[in-house]
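Which chain is which? The protein sequence lines are A and B, in order.
Counting from 1 along the first sequence, just add 15 to a position and that's the residue number in this note's numbering.
Counting from 1 along the second sequence, just add 3 to a position and that's the residue number in this note's numbering.
Be aware that one or more of the hints could be misleading.
Keeping only pairs whose Cα atoms sit at most 16 angstroms apart, straight-line, the calculated EDC-like set for lysine to aspartate or glutamate is [unchecked claim]:
(1) Lys276(A) / Glu324(B)
(2) Lys182(A) / Glu352(B)
(3) Lys276(A) / Asp328(B)
(4) Lys182(A) / Glu351(B)
(5) Lys425(A) / Asp443(A)
(6) Lys266(A) / Glu324(B)
(7) Lys276(A) / Asp318(B)
(8) Lys80(A) / Asp220(A)
Negatives, chain A to chain B, calculated, CB over 12 angstroms [unchecked claim]:
(9) Val24
(10) Glu107
(11) Pro137
(12) Gln187
(13) Asp191
(14) His225
(15) Ala247
(16) Pro340
(17) Met344
(18) Glu430
(19) Glu514
(20) Glu556
(21) Asp573
(22) Leu618
Calculated from the structure, these hints are not laboratory results.
For each residue, glycine too, the CB sits at the ideal point set by N, CA and C.
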Amino acid sequence: MADHGDHGVNDFAFKVATVNGTGSASANGLLLQALFRMGIPVTGKNVFPSNIQGLPTWYEIRVNKDGYTARSPDFHLIVAMNPQSYARDIEEVVSGGWVLYDNTRELDDKFRRDDVNFIGIPLAEMCVSEFDGSRTRILMKNITYVGALVALLDIDMDVVKGMLQQKFSKKQHLMDANFKAIDMGYAYAREHYDCPLPIRLETMDATADHVMINGNTAAALGCVYAGATVGAWYPITPSTSVMDGFSQYCKRLRVDPETGKNNYCIIQAEDELAAAGMVIGASWMGARAFTPTSGPGISLMSEFIGLAYYAEIPSVFFNVQRTGPSTGMPTRTQQGDLMMCTYASHGDTKHIALFPANPKECFEFAVAAFDLAERFQTPTFLVSDLDIGMNDWMIPRLEWDDDYVPDRGKVLSAEELEEAESFYRYLDVDGDHIAYRTLPGVHPKGAYFTRGSGHDKYGRYTEGSAEYMEVVDRLLAKVNSAGDRVPEPELHQGAEPTELGMISIGGCHWAVLEARDDLAEQGLAVDYMRIRGFPFNETVERFLEQHDRVVVIEQNRDEQLRKLITIETQCPKEKLGSITYYGGQPLSKGHVLDGLAPWIPELAGGGATPGFADAASDTAVVEVAP
Amino acid sequence: MSYIAKPAARHPQMPRNAIGLTPRDYEGSMSTLCAGCGHDSVTAALIQAFFELAVEPHRVVKVSGIGCSAKTPTYFVSEAHGFNSVHGRMPSVAAGANAANRELLYVGISGDGDSLSIGLGQFCHAIRRNVNMLYVLENNGVYGLTKGQFSASADIGSLSKAGVANRQGPIDPVTLALSLGATFVARSFSGDKDQLVPILMAGMRHQGFAFIDVISPCVTFNDHEGSTKSYAHTRTHMHEVVETDFVPLKAEIRTKYDEGSVKAVTLHDGSTVRLRKTDPEYDPGDRRAVLDYLGATAAEGEVATGLLYLEGTEDDMHSFENTVDAPLVNVPFDTLCPGSAVLDEIQEEWR
Ligand SMILES: Cc1ncc(C[n+]2csc(CCOP(=O)(O)OP(=O)(O)O)c2C)c(N)n1
Ligand code: SF4
Ligand SMILES: [Mg+2]
Chain A
16 MADHGDHGVN DFAFKVATVN GTGSASANGL LLQALFRMGI PVTGKNVFPS
66 NIQGLPTWYE IRVNKDGYTA RSPDFHLIVA MNPQSYARDI EEVVSGGWVL
116 YDNTRELDDK FRRDDVNFIG IPLAEMCVSE FDGSRTRILM KNITYVGALV
166 ALLDIDMDVV KGMLQQKFSK KQHLMDANFK AIDMGYAYAR EHYDCPLPIR
216 LETMDATADH VMINGNTAAA LGCVYAGATV GAWYPITPST SVMDGFSQYC
266 KRLRVDPETG KNNYCIIQAE DELAAAGMVI GASWMGARAF TPTSGPGISL
316 MSEFIGLAYY AEIPSVFFNV QRTGPSTGMP TRTQQGDLMM CTYASHGDTK
366 HIALFPANPK ECFEFAVAAF DLAERFQTPT FLVSDLDIGM NDWMIPRLEW
416 DDDYVPDRGK VLSAEELEEA ESFYRYLDVD GDHIAYRTLP GVHPKGAYFT
466 RGSGHDKYGR YTEGSAEYME VVDRLLAKVN SAGDRVPEPE LHQGAEPTEL
516 GMISIGGCHW AVLEARDDLA EQGLAVDYMR IRGFPFNETV ERFLEQHDRV
566 VVIEQNRDEQ LRKLITIETQ CPKEKLGSIT YYGGQPLSKG HVLDGLAPWI
616 PELAGGGATP GFADAASDTA VVEVAP
Chain B
4 MSYIAKPAAR HPQMPRNAIG LTPRDYEGSM STLCAGCGHD SVTAALIQAF
54 FELAVEPHRV VKVSGIGCSA KTPTYFVSEA HGFNSVHGRM PSVAAGANAA
104 NRELLYVGIS GDGDSLSIGL GQFCHAIRRN VNMLYVLENN GVYGLTKGQF
154 SASADIGSLS KAGVANRQGP IDPVTLALSL GATFVARSFS GDKDQLVPIL
204 MAGMRHQGFA FIDVISPCVT FNDHEGSTKS YAHTRTHMHE VVETDFVPLK
254 AEIRTKYDEG SVKAVTLHDG STVRLRKTDP EYDPGDRRAV LDYLGATAAE
304 GEVATGLLYL EGTEDDMHSF ENTVDAPLVN VPFDTLCPGS AVLDEIQEEW
354 R
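This is chain B alone, in the form it adopts within the complex (with noise of 0.2 angstroms):
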């Protein structure tokens, strides 16, 4: 979006953040999704998200593959560049963006098809790189833009409209991130935006690759009986697993939950991610108990929602690669530039 200068007039009972902004600052154009389209309440979730950490629109930067929820990027924070780049290839996108400049915050929004199956290798890889960003896969099932194609996280048996059986076993992103070693990974569900916001909230202070699975129902090709990426079936197969409370820094704890239930991650910014289990067994600081609890839900047809798991880490793809704190793009050309008395020194080794 190109800027236009919005009417400074705002309604004065509009809330305010720590920068003196409305949730109105984290809005972008007007969606031409279809009325209902589970993506359009992520997007609702993350302009909630951004007001409430306070984040400054212009230090965002929203990059997305090809596809119904590709296209979300240009509905919200306006006043940030996004890059709707090609079908699968977001991943590297932003991590050569992030490569460029690791200080601003990466916010990729991609959809089932573009990650699990033109981007899948994409998708794995920006994981194993562990690029620093938040990755919401708006999760329907199907192709949506491409008019309800069977995606690959599209289960056994479930039904496409015209009532045809998916044959082929589902890829969950979830359990494919746990295994590849990401240390934030989260699956929650369009309509429950009280779920959602924390999660994304702490997704965005996460140090490292965030990866969130959302079920968000295609309702034009995919919400009918027998579906099971419908709203229908999500909501009633939906099982919450952990409770998220988004702490950030400085901000006064509130002893919401009972102690013996929760697990508190402090975050590479300070922050606190607190995650309260509602089964006592449940570890979400145990990738291998996660994987087998995932399995055995997966198996009952259920469908395991919350922060999953998570780790406090320092790590990213900078601290692999040993890159200098700044953003390398404003690394002066003088630093850069060796000059020609090294030069001559070089060449002195080619003779």
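Just chain A, with the same shape it has in the complex (with noise of 0.2 angstroms):
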């Protein structure tokens, strides 16, 4: 951005580059922690390489006093520490910015811009007179950056030492030596340069509800108070730190007093295919039982997702997407697996997905998906992603309700066995597409045998057209039925519907809104709606139809959820327009802007949003009749 005219107190984004493996992640989380206490909204993003030591890493800031929280490419400060990535990173501040650098080593004038600050600071050389030994010199010196952001941003001190005391209560002499820094680190930025920059903080109060947290560690503690008691799951980035959670929580929450024993089972499979009927077996049992995985895993998980949806086995999957196909990126975040999810396996099938758009939602929405998967005796998506479940976000307060009962669906006990007269597996007998289920080792006259091969409606084997057919059209009108209980859609929108509508899904929601009132600031009203669930319901259709054209924002290339809508939904093709960003990065309200360009007559010439370059070079746009 050109000028920062609007940027300065508590609007900007920044940014620390640094090297993977030297212990910024702990300088970091501490910036971030500290602006959130001082009550001002604030969003970090990790953006990292998939490598344990060694490549560049960075760590992204946006402070915004309006509490938008979507990725903001436009850095207006870059704290370069890392000489290996010192021509993007410099490449990348706006216009009128600021570089802080090491100038232990004087920079090399080919990364010089006149257009940008340069704050020199001689971290190395400080901490090599001030500590003693490598390791410790290389920590101490992401903290001795942290002190000079302190004077620099006008970052609270008091709240800065306040968590370090609180970090290193027991640890005095690192408690001496993360001080010694900070104040090494601010002392010498004071004394060098002008502070506070214009680009600054102030207090605010923003923030005293809410709390700081990634959707991984939510969804995990979701599990937890679903009453989940068995996990199993093959490591794969973005999606470990979700068992890594929910096995801190069992810890310490779900450990007998008295016995010292887990009231929980976590078993790391062989791979994700042992993952999948571990948690198949643990749920035909009666247990609460999930899997956490990325696309690869879901792949390999397929058959058993269409084992589990004809046999009608309760079970939930998290899909904490990144960027595929294959290996991919990653380290990168992605909406590649909405067709996956929807459809997985082979035959017909057809699956409940949630999407999740903050941590929250990863909270609320993973209780919400064993209700579902019990409730429909089918498999269940939870679909985030990288960026949600990984990155640190600012939400609401979780809420619990401490009334809440489980649904367990439609299980017989032993007391209804004893006096039923018959029970059949597969049999509609209440007419709403579910039948009853028995559990294992309940009572004699509840023994059925589950099986992935034909079945009538009584759970004998078959190879019979009808008695097949009708138990698998049962299983479609039952999955649809599941539409009204997802997580109803989102709607932003004024009392008369707009000609233009904007649908997105996911992640993508915090760029859209923030593009959305910019439109509005403009006096051009868009309506939008989220799409929270899968199957859709009359919600999707009637703004589908409310509207005369409709672009469909997300993060993939083929557009899959504009296909799924078209698939799922009565809405014309011709009527549904495309955004779509695919890069790797959360999305940014420039990646929308540029995208609805074409869409909206006031905003084309592609200059109508200055200051998305970046955005604009890898935006894709499919322009159908607007």
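Both chains are sitting in their own frames, so use the hints and assemble them into the complex.
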């Protein structure tokens, strides 16, 4: 952004460029948390390589007094700690912005830009003279740049020191070292530069009802609250921290105080096929069981998913999407598995799927996923992504209703079986397309043979056409009926429908909302619906009907959501346009505004949204007779 | 199978077990396998083992993958829940089910294709994980259900029905199970019910993964001359290394063998397995020696049978995972859900 006239106090983005494995994560976490504790809306996004040590890594922080949390690619300040990536990092600063770098070594002229301000601080030199041991020096270099930022951005030093005190209360020598480093960076910046910079922070009161958390931890906690007892998994980025979180909270909350034994069982499987089998076995037995994975894992689980669909076994799958296909870019985000999750497996299949847009919904939808899986006796997917799952989000506090009773669905008890004249596993006795289920070991009358081979409504093996079709037709009606039970779409619209509508899904939401507000400021109202569940219901159908043209905004190449809508609703294909971005970064409002330009005459001409050159270059716009 | 009331009248002469059931009560629906298929004999032995152990039918869980062998759980204990899952993946289903409810008796039926080709990984990991179950591998050297292709257990030189010799080395599930640390490893023959039944009973009572490889000839695709998994070949080359006598808890020990050659092993539930060694040098408690012995007999083309290795242990997947003694499915929701106050506490850490 050429000028930062409207930027400045509590409204800018900056990023720290470091080397993977140098311990910068805790320094960046410290920064983020400090801003949050100052009451300023803030988001942190970790852009990391698929590597353990040595490659460039970035941490992006956006502060926004209005509460916008989407990624902003306009960096006003870069903390350039990695000479390897100097060229591109310095290139990315907006004109008039700042580059904080380590001037222990002089900066090569080729990196200099006339339109940005360079702030040199001899971080390495100071740390070498003040600290012993190479590891300590590397770590303290990170804390020293935090100290400089405290001065440059006017971060509340008391808040920062309070956090260090809390963290190192039992490790005096570490606290001393951290304090020393912070003070050192702070003093140097104050002495050599005009502090604070025009981009700076001011204490607010906008985060009191909020917490700062990532989606995977929230989803894991949702599993604990839903009463899940069996978790099976095979490690894969970016889903691994779901099971890490589950295991951590179970250790804390689920160990029987008398015996010291676990009220849960976490199995690290040999692969995702086995993880799916374990979930299906445990769910068949009556436990709430789940597996977290990412796209490649869902691919491997697909055979089992078909079995669970056809044999009607509740089972919960978390897909934290990453950039595919194949290994793709495993540490970048995408929404490339929408189609795969909704129709996973061979034959005619269709699954319930939930699409959270932030960690709060990861928590809530995790609980809902178990209820839906058991109510409809079918695989249920919680489809999030790397950005939601692994990044730090400011969200309204989670709430829990202590009167919540899990929906275990239609399961016959021993008493009911004792009284029953007969039990047939796949018979729709209530006319709601859902048959009664029994659990092993409960009563001899409940026994039946679960199989993936052809069966009639009595649960008997069959190869008969009519008997087979009767069952699969009921399955379709059953899953479709879940459309009214999945989370309702979120609608943003005025009293009268606008001509143009927007639809998006998952983490796209925040960029779309921000873009929509921008348009509103220009007097351009655009209705918007965020889809939160599949199958689609009447609300989706109605929104499509009410708008002459609808643009579907999503993060994959193949317009998967748009295709799903054309498959699953009455909406004519011509009515649907598409904005896709699939380069691996979270969506920003520039992607949306640039994508909308061909649709909104007032925006046309390409230059309507200055400052989003980055977005324009990798946004694909498909024009469908706007 | 859905529940269909059985006729109340029973043959008066039918023997009854400790809980008043007859062998009929452990049967399932009619087999649809080829007449003479070894798998049907294994089913018959299982029915007898369940009957003799006086197991409550609905406390049994039957699991299998896909294959002729995997179909057989339909043919026994119709009052038990059964799960015919996907090809080669039964071990994971069993592990998950067992994780959820550790109190039931798990019996898995597999084939050599199911366990040694497509499902080799899951088979190995179920052993490592020590899932508490009886795992029966009905081994016929071929894929029966897909019409007779060689399986990974086919011996070098064994002839297919069309006369083609197998060139690839076999995977021997017994030595594999031993090398992976299984605590109960047996081999038997579908045609030897006397040997099979006590081993199955001991396997059902064993704590942890109990593995039995049963040579179970495929009469349709692998029972011809030149096959090393035929009835004739197995009968002539089988060599019983240990005879097994299963002594249930509290039952009187019948002194059937001369004590010098008998090794008694007490199982987790207090029952005893008495192993009589036909070869005095053989020690069914020495894993390394058993592996050597099996290597030597295999080299001579002999098939060593019996309960080849047994270790009475307390361990299984649940002891590794330190799960509560009660089945997880019975833990009340109140115990599982920490409630709103704890959620508030946790969120204080997220600020
Ligand atoms: C994923 C998959 N691939 C292939 C098959 C086809 N298939 C069914 S049974 C079978 C082989 C069974 O052999 P085995 O386990 O030895 O059982 P047997 O029939 O010999 O008892 C195969 C390949 C399948 N059902 N699923
Ligand atoms: S094909 Fe072979 S294994 Fe299958 S039922 Fe017939 S005899 Fe048995
Ligand atoms: Mg076979």
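Evaluation of the provided hints:
1. As the CA atoms of lysine 276(A) and glutamate 324(B) are separated by approximately 9 angstroms, the hinted pair is consistent with the 16 angstroms bound.
2. Straight-line distance between C-alpha atoms of lysine 182(A) and glutamate 352(B) comes to about 12 angstroms, which keeps the hinted pair within the 16 angstroms bound.
3. The suggested pairing of lysine 276(A) with aspartate 328(B) holds, with an alpha-carbon distance near 8 angstroms, which does not exceed 16 angstroms.
4. Our distance criterion of 16 angstroms between C-alpha atoms is met by lysine 182(A) and glutamate 351(B), whose separation comes to about 14 angstroms.
5. Under the criterion of a C-alpha separation no larger than 16 angstroms, the hint pairing lysine 425(A) with aspartate 443(A) is consistent with the structure, at around 11 angstroms.
6. Taken as a hint, the lysine 266(A) and glutamate 324(B) pair is honoured in the structure, with Cα atoms around 12 angstroms apart against an allowance of 16 angstroms.
7. Using a Cα cut-off of 16 angstroms, the hinted pair lysine 276(A) and aspartate 318(B) holds, with the two alpha carbons roughly 15 angstroms apart.
8. Distance restraint check for lysine 80(A) and aspartate 220(A): the Cα-Cα separation of roughly 10 angstroms lies within the 16 angstroms cut-off, and the hinted pair is therefore satisfied.
9. Every beta carbon of chain B lies more than 12 angstroms from that of valine 24(A), the smallest distance being close to 23 angstroms; the non-interface claim holds.
10. At roughly 30 angstroms, the least C-beta separation between glutamate 107(A) and chain B is larger than 12 angstroms, which holds for a residue marked as non-interface.
11. Here proline 137(A) stays apart from chain B, with its beta-carbon at least about 35 angstroms from theirs, past the 12 angstroms limit.
12. At roughly 22 angstroms, the least C-beta separation between glutamine 187(A) and chain B is larger than 12 angstroms, which holds for a residue marked as non-interface.
13. Even its closest Cβ contact with chain B, about 25 angstroms, leaves aspartate 191(A) beyond 12 angstroms, as expected for a residue assigned away from the interface.
14. Not every CB of chain B lies more than 12 angstroms from the CB of histidine 225(A), the least distance being 8 angstroms, so the non-interface label is violated.
15. Taking the minimum C-beta to C-beta distance to chain B, about 6 angstroms, the non-interface status of alanine 247(A) is violated against the 12 angstroms cut.
16. No Cβ of chain B approaches the Cβ of proline 340(A) within 12 angstroms, the least distance being about 24 angstroms, so the stated non-interface status holds.
17. No beta-carbon of chain B comes within 12 angstroms of the beta-carbon of methionine 344(A); the shortest separation is about 28 angstroms.
18. Chain B leaves glutamate 430(A) outside its interface by the beta-carbon criterion, the shortest separation being 15 angstroms against a cut-off of 12 angstroms.
19. In this structure glutamate 514(A) is separated from chain B by more than 12 angstroms, as the shortest Cβ-Cβ distance comes to about 42 angstroms.
20. In this structure glutamate 556(A) is separated from chain B by more than 12 angstroms, as the shortest Cβ-Cβ distance comes to about 36 angstroms.
21. Annotated as non-interface, aspartate 573(A) keeps its C-beta farther than 12 angstroms from every C-beta of chain B; the closest such distance is 29 angstroms.
22. The Cβ of leucine 618(A) sits about 39 angstroms from the closest Cβ of chain B, beyond the 12 angstroms cut-off, so the non-interface label holds.
In this structure, the earlier hints numbered 14 and 15 are contradicted, and the remaining ones agree with it.
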